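Enquirer: So the chains spell out like this:
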Amino acid sequence: MLHYVAGRLLQAIIAVFGVLTIVFIVMRFSGDPTLLLVPEGASQEAIDVLRTELGFDRPVIVQYIDYLRSLSHLDFGVSVVQRIPAFDIVATRIPYTVLLAVGALIVAVGVGIPVGIVMAVWRSGWLERSLAALVLTGQSTPTFLSGILLILVFGVMLGWLPTSGAGDLKALVLPSVALGALSMSTFARMVRISIVDELGKDYVRAGRARGLSLAGIVCRHVLRNAAIPVVTIAALEIGNLLAGAVIVETVFAWPGIGQLAIQSIQSRDFLVVQVIVLLISLVYVVTSLLADVVYALIDPRIRLAQ
Amino acid sequence: MRAHATASLRAARRRAGRVPVAIVVVGLILAMILALAGLAPWIAPADPTRQVLMMRLKPPGTLTASGQIYLLGTDDLGRDLLSRILFGAQVSLVVATLSVLVSTLVGVTLGMIAAWFRGWIEVIVMRLVDIVLSIPAVLLAVLTVAVLGPGFFKLILVLGLTRWPRYTRVAFGQTLQIATLPYVKAAELAGAGTARILLRHILPNIAGPLLIIATAEFGLMILFEASLSFLGLGIQPPAPSWGSIMSVGRQYVERAWWIAAFPGCCLFLLVFSVNVLGDWLRDRLDPQARVR
Chain A
1 MLHYVAGRLL
11 QAIIAVFGVL
21 TIVFIVMRFS
31 GDPTLLLVPE
41 GASQEAIDVL
51 RTELGFDRPV
61 IVQYIDYLRS
71 LSHLDFGVSV
81 VQRIPAFDIV
91 ATRIPYTVLL
101 AVGALIVAVG
111 VGIPVGIVMA
121 VWRSGWLERS
131 LAALVLTGQS
141 TPTFLSGILL
151 ILVFGVMLGW
161 LPTSGAGDLK
171 ALVLPSVALG
181 ALSMSTFARM
191 VRISIVDELG
201 KDYVRAGRAR
211 GLSLAGIVCR
221 HVLRNAAIPV
231 VTIAALEIGN
241 LLAGAVIVET
251 VFAWPGIGQL
261 AIQSIQSRDF
271 LVVQVIVLLI
281 SLVYVVTSLL
291 ADVVYALIDP
301 RIRLAQ
Chain B
1 MRAHATASLR
11 AARRRAGRVP
21 VAIVVVGLIL
31 AMILALAGLA
41 PWIAPADPTR
51 QVLMMRLKPP
61 GTLTASGQIY
71 LLGTDDLGRD
81 LLSRILFGAQ
91 VSLVVATLSV
101 LVSTLVGVTL
111 GMIAAWFRGW
121 IEVIVMRLVD
131 IVLSIPAVLL
141 AVLTVAVLGP
151 GFFKLILVLG
161 LTRWPRYTRV
171 AFGQTLQIAT
181 LPYVKAAELA
191 GAGTARILLR
201 HILPNIAGPL
211 LIIATAEFGL
221 MILFEASLSF
231 LGLGIQPPAP
241 SWGSIMSVGR
251 QYVERAWWIA
261 AFPGCCLFLL
271 VFSVNVLGDW
281 LRDRLDPQAR
291 VR
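Note that the protein sequences, when read in sequence, are chains A and B. For the first sequence, counting from 1, position 139 maps to 139 in my numbering; every step adds exactly one. For the second sequence, counting from 1, position 41 maps to 41 in my numbering; every step adds exactly one.
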């Protein structure tokens, strides 16, 4: 087990390292990185001063090592637009995105898992078919489209819920639904597949032969076994939700890190964008690491197979 | 002669009968969208970029004094929404097709090379796959477009280069399997070069699973292009894209619902059709993949 965890940890570290490198390369892609960091309309002298100040006149490899060193001190640089550390700007926005992600996860799990169970247990009925259509609809609707439709119906036509900003909990409802819809479909599909798999196994047939009810078998045995793959999906979905937040927060003017990312791109504040990309990727890597470890803890076959 | 004709007709009908109605419907929707997009220059009632400031935010079905009708209304600059949506379909389909081609080309090449040569090439390529997969694709695309600046070909490159790892994984696994088969060994012994073996003998045998991924990715690419354009990072105005039309629609959602609603419907219909068709294709080509 320890061996497996260590191997997986190493893999995660390499992934984080790779992400840092890719972000570094992308930021240097555009030719002169100084131009990305100066406010628009800066004079040539200001650009030259900043270039020397930031060390962009040194060889790339030196810059790369320096970049890694400052990141290891949690030094993400100072926003050239607001003149305060880029990380502090992002930090004030994090709670909003966490709130939104939790809301979306509640929607996705709360709707997706029951829908998946129903689809698996009552196969090939009208209920299954209409739920399958619902799942496919969720999967084919981009978050900005579902967001605008929700605004149109519940905000403009019915006037029940606020359509932008983060006033109270009521303002959280529409963004959570819009963000959660896509993950809901993923959960429903995975739960369905996982349960259908389990239902085909011998112990279910044995239970039925002994006169147990299908509902009893599903509740007591099938759900527990089927839960394992779902744990992995849940962890991966957290990363997807954070990425989706970029769009949903823009649609609903929700003041989280996603909206901040787009605002920072528009104001060419690339160090802030860099922090956000690193942060979300880190969460993504860590959650999938945790999922794999939990998976191996629950199911010994995984770690033995390694 | 006649009996033969009816028999073959019956056989044809039986074959057609195996295609579910839903697939026929989405196939027709898809064909219609393709046709409308292809014919956009001839059937669009107006120039999609021509602004008529007197006719801003007019609802669908508005008739002008000169007798022109705005079937789907106008946008915030008085441009004909129907024409913009028709040309937007072109943009959407072309960007998605080209970026799927780019990512397939990159992904399959890397996957096959990694599987064929193994060793350190495999380690590097497959690690790179893990790394790229650990950055959410939308985010990577957003960052890259933001740094590179928007543009039609840049958009295609960015989309293509962020979405290749799935192809690499499949091409790698499949090539590993095929490469051990006797006929590949035979070709090698007969003196065929690496390129020839990979392209002539292995690629055709792994094309099925790759096609399944490409179909699923096509739907995703349409969504990505629309999302990036919605965020203002994709196709730049005044060129029409469903995503950018909808971002205008978001601003005017309280006064002019049609600006967001119509391109939204088109986007949904297109992606829905592609997804349904992709699922069906996957079930047909690879019955075991159903469970996945």
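If you are wondering where the hints come from, they were derived from the structure by calculation, not from laboratory data. This structure is a prediction, so every number in the text was calculated from the model and none was measured. Any given hint might turn out to be false.
Claimed, not checked - Covered by chain B, according to a simulated footprint, are these stretches of chain A (three or more residues, beta-carbon under 8 Å):
{"no.": "1", "stretch": "9-15"}
{"no.": "2", "stretch": "129-143"}
{"no.": "3", "stretch": "245-259"}
{"no.": "4", "stretch": "264-274"}
{"no.": "5", "stretch": "282-296"}
Don't be surprised by glycine CBs; every beta carbon is placed ideally from N, CA and C.
Enquirer: Confirm or reject each hint.
Expert: Verification of the hints:
| no. | hint | verdict |
| --- | --- | --- |
| 1 | 9-15 | holds (count 3) |
| 2 | 129-143 | holds (count 7) |
| 3 | 245-259 | holds (count 4) |
| 4 | 264-274 | holds (count 5) |
| 5 | 282-296 | holds (count 3) |
In the structure shown, no violation is registered for any of the earlier numbered hints.
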